[in-house]
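> Chain residues, written in single-letter form:
There are 2 protein chains.
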Amino acid sequence: MAKHTRPKLIINCKHIRENYAYLKSYVSPCIASCVVKDNAYGLGIREIGQVLYQAGCRVFFVAYGCEGAQLRKVAPDAEIYVLQGYGHEESAHFQRNNLRPVLPTVQDALRYFESPRNRLTPAIQVETGLNRLGVHLREISAVRHLPFSLILSHLACADEPHHSLNTHQLEEFKKFKEFFPNTPFSLSASDGVFLGRAYHFDMVRLGAALYGINTKPYAEKPVKNCITLVAPILQIKTVKAGESVGYGATYTLSEKRKIATVSIGYGDGIFRSFSPTGILHLIHNNRSYPAPIVGRVSMDNITCDVSNIPEAILNQAEYMTLIDDSYDLDTFGQACNTIGYEVLSSIGHGTRYIRQYID
Amino acid sequence: MAKHTRPKLIINCKHIRENYAYLKSYVSPCIASCVVKDNAYGLGIREIGQVLYQAGCRVFFVAYGCEGAQLRKVAPDAEIYVLQGYGHEESAHFQRNNLRPVLPTVQDALRYFESPRNRLTPAIQVETGLNRLGVHLREISAVRHLPFSLILSHLACADEPHHSLNTHQLEEFKKFKEFFPNTPFSLSASDGVFLGRAYHFDMVRLGAALYGINTKPYAEKPVKNCITLVAPILQIKTVKAGESVGYGATYTLSEKRKIATVSIGYGDGIFRSFSPTGILHLIHNNRSYPAPIVGRVSMDNITCDVSNIPEAILNQAEYMTLIDDSYDLDTFGQACNTIGYEVLSSIGHGTRYIRQYID
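These protein sequence lines are chains A and B, in that order. By the numbering used here, the letter at position 56 of the first sequence is numbered 56, and the numbering carries on one by one without gaps. By the numbering used here, the letter at position 308 of the second sequence is numbered 308, and the numbering carries on one by one without gaps.
Treat each hint with caution, since some may be false.
Remember, identical chains collapse to one label, so a pair may be satisfied in a single copy or spanning two.
What the hints assert, rightly or not - In the EDC-like style, the derived pairs of lysine to aspartate or glutamate whose C-alpha atoms are separated by at most 16 Å in a straight line are:
| # | residue 1 | residue 2 |
| --- | --- | --- |
| 1 | Lys-177 | Glu-89 |
| 2 | Lys-24 | Asp-202 |
| 3 | Lys-174 | Glu-255 |
| 4 | Lys-3 | Glu-89 |
| 5 | Lys-175 | Asp-330 |
| 6 | Lys-8 | Glu-89 |
| 7 | Lys-224 | Asp-324 |
| 8 | Lys-221 | Glu-172 |
| 9 | Lys-8 | Glu-160 |
| 10 | Lys-24 | Glu-255 |
| 11 | Lys-221 | Glu-18 |
| 12 | Lys-216 | Asp-330 |
| 13 | Lys-240 | Asp-202 |
Since the hints were derived computationally from the structure, they do not count as laboratory data. None of the values given here were measured: they were computed from a predicted structure.
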C-alpha cells in the first residue's frame with residue numbers, strides 16, 4: 001500500500017539550470033532569453049522562473065499578462081515580454097507589472113503608442129512565413145518610426161533543418177533590418193538554436209529545450225530530461241483468459257495475466273491515446289521492468305500488464321513510472337501520437353499531483 | 001481588438017442544476033449522488049459542489065482526499081466518498097474532513113478496520129468485469145463481517161446498451177447481495193442510468209451527464225450542454241496561394257484565403273488532434289459562421305479560415321467560439337478522435353481562462 005494514492009510529479013531544477021547553462025553558452029554572445037509561458041509549460045512559473053532568474057536570465061517571455069504578473073514576483077528587474085499582445089482593458093495591468101507586449105498588428109502598435117500610459121517600449125512581431133501572428137513586410141513602413149525594443153518572428157519548421165521554409169524565413173526576416181537598423185532582432189526559439197548561428201540574431205528564446213524536450217529530433221538529444229512521473233499501484237489482480245480489461249471491453253486477455261491498476265489517468269493529463277502502445281515501468285534497484293498498458297486509460301486509472309515482473313519485486317513495489325530519463329517526454333509523446341511539448345503541458349496542468357522540486 | 005487576450009470559459013450553473021434535477025427525478029426513488037472528482041471534471045469543485053449541494057445532493061464522490069477536503073467546505077454535512085481509496089499516511093486527513101474511502105482490496109479493508117482512528121464506515125468496491133479496481137467474489141468472504149456503508153462496482157460498457165458485458169456485470173453484482181444483505185448497493189454511473197431500473201440499485205453516481213456530456217450516444221441527448229468556450233481573435237490576415245500556415249508547414253493554401261489567429265491552444269487543453277478536422281464558429285446575431293481550422297494547433301494559438309464570413313461581420317468580431325450548445329463537448333471530442341469526458345477534463349485544467357459562472 002502506498003503512502004498516498006496521488007501520483008507524483010518530480011521536477012529536476014538542477015537539470016533545468018544545466019540545460020539553460022548549456023544552451024546559453026551554445027548561443028553566446030547572443031542573449032539567451034527564457035520562455036516560461038503556460039505556467040512554465042506546466043512546471044510552475046514561480047518555481048521555474050526563480051530557478052532561471054537565479055541562473056542569470058534577465059529576459060523572459062510569457063503568453064499573457066496574468067503570467068507576467070506571477071513571474072514579476074520572482075524576477076523583479078527582468079524584461080518580461082507578453083507574446084499574445086495585450087487587450088485594450090489590460091493597459092493598467094501591464095504598466096503595474098512592467099510588462100512589454102509583443103504586438104502582432106500595425107493597429108495594435110499604433111494604438112499602443114497613442115496612449116501616454118504605456119511607458120515601456122514593446123516588441124513587434126513580424127510575419128516571415130508561419131502565417132500566425134505578425135506584421136507583413138508590405139505593411140511595416142506604417143510603424144517604422146516607432147521605438148520598438150525588439151523585432152521578433154517565429155520559425156515554422158525549425159525541427160526540420162533541411163526544410164526550405166527555414167532559409168526563406170531567414171531571408172524574409174533580414175528584410176526588416178532596413179526598417180529597424182538599430183533594434184535587437186530575435187527569430188529562433190529552442191528549435192532554431194541548432195540551425196546555426198545565422199538564425200540566432202541578437203536573442204534566442206529558449207522554451208521546450210530548457211524543460212528537456214528534444215528539439216533536435218534528427219540528432220543526439222542535447223538537453224537533459226527534467227521530470228519524473230510516478231503513479232501509486234492501488235491493486236494487482238489476476239485476470240483470467242477470455243476476460244476483458246477496462247472501458248469498452250476493448251482488450252481481451254488470451255491467457256491468464258497479472259494486471260496492476262495505478263492511480264493516474266486522463267484527469268491528470270495522461271492522454272487516452274497513450275493506450276494501447278504506451279508502456280509503464282517498474283524501477284527496482286536501477287533496473288527497469290516494462291509493463292505495457294492494457295485497456296483504455298480512464299480518468300483516474302491506468303491498467304497495465306505486470307505478468308513479466310518477478311513476484312518478489314512486484315510485492316515490494318509502491319509506484320509504476322510513466323516518465324523518467326529513459327522513457328522521456330519525447331518517447332511518451334510518440335506513444336500518444338503527439339509531441340513532447342503537448343505531453344508536458346497536459347501533465348503540467350494536473351492539479352492532483354504531489355509536486356516535488358529537487359535540486 | 002478584444003478587451004482581453006485570454007480565452008473565456010463560461011460555465012452554465014443553471015444547466016448543471018437542471019441536469020441534476022432531471023436525472024434525480026429520472027432515477028427516483030434511488031439516491032442520486034454526484035461525482036465531482038477531478039475538480040468537478042475541471043469546472044471547479046467548490047463552485048460546482050456548492051451548486052449541487054444547494055440543489056439537494058448529499059452524497060458525493062471524489063477521487064482523492066485533497067479533493068474531498070475542498071468539497072467539505074461547501075458541503076458540510078454531506079457524505080463524501082473517495083474513489084481511489086486512501087494511502088496509509090492519509091488517515092488523519094480523512095478523519096479531519098470526514099471522508100469515506102472506497103476500498104479496492106481485502107487488504108485495504110482489513111487494514112482500515114484495524115485502526116481505531118478510522119471512525120467512518122467506508123465503501124468497498126467489488127469486481128464485476130471491468131477488471132480495474134475491486135474485490136473479486138472469490139475473496140469477498142474475508143470481509144463479509146465488516147460494516148461497510150456502501151457496496152460499489154462500475155460498468156465497463158454502459159454506453160453500449162446491448163453489450164453482453166452489461167448483463168454479465170449486473171448478474172455478478174447481484175451475487176454480492178448474499179454477503180451484504182442490508183448494505184446499500186451502487187453499480188451505475190451516468191452511463192448506466194439509461195440501462196434501466198435494474199441497474200440503479202440503491203444509488204447511482206452522476207458525473208459526466210451532469211456536465212452535459214452525452215452518455216447516451218445511441219439516442220437523443222438527455223442533458224443540456226453546460227459550457228461555452230470562446231477565444232479572442234488576435235489578427236486576421238490574407239495569405240497568398242502557395243503559402244503555408246502553422247508549424248511543420250503542413251497546410252498549404254491552394255488559393256488566397258483570409259486566416260484568423262485566435263488566442264487559445266494546447267496550453268489551454270485544446271488537443272493538437274483537434275486539427276485538421278475541427279471547426280471554430282463566429283456567432284453573430286444568433287447565426288453561426290463556420291471557420292475550419294487550418295494548420296496545426298500550437299500552444300497558444302489556433303489559425304482558422306474565415307474567408308467565407310462576410311467582411312462586415314468579421315470586422316466587428318471579437319471572439320471565435322470553440323464550444324457551445326450547438327458544437328458541444330461530444331462533437332468536439334469526435335473531432336479530436338476522443339470522448340467528451342477527456343475534452344472537458346483537459347479544458348477544465350486550463351489555468352489561463354477567464355472563468356465566468358452564470359446562472
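> Each of the hints needs a verdict: does it hold here or not?
Quick rundown of the hints versus the structure:
1. Lys-177 - Glu-89: neither (32 Å within a copy, 62 Å between copies)
2. Lys-24 - Asp-202: within (13 Å within a copy, 63 Å between copies)
3. Lys-174 - Glu-255: neither (64 Å within a copy, 27 Å between copies)
4. Lys-3 - Glu-89: Answer is between; shortest inter-copy Cα gap is 5 Å, intra-copy 47 Å.
5. Lys-175 - Asp-330: neither (35 Å within a copy, 46 Å between copies)
6. Lys-8 - Glu-89: between (39 Å within a copy, 15 Å between copies)
7. Lys-224 - Asp-324: within (11 Å within a copy, 42 Å between copies)
8. Lys-221 - Glu-172: neither (29 Å within a copy, 52 Å between copies)
9. Lys-8 - Glu-160: Intra 34 Å, inter 34 Å, cutoff 16 Å: neither.
10. Lys-24 - Glu-255: Neither. Shortest intra-copy (54 Å) and inter-copy (42 Å) distances fail the 16 Å Cα cut-off.
11. Lys-221 - Glu-18: within (14 Å within a copy, 53 Å between copies)
12. Lys-216 - Asp-330: For Lys-216 and Asp-330, only the intra-copy Cα distance (11 Å) is at most 16 Å; the inter-copy one is 36 Å.
13. Lys-240 - Asp-202: neither (63 Å within a copy, 30 Å between copies)
Consistency with the previously given hints fails for numbers 1, 3, 5, 8, 9, 10 and 13, ordered from lowest to highest.
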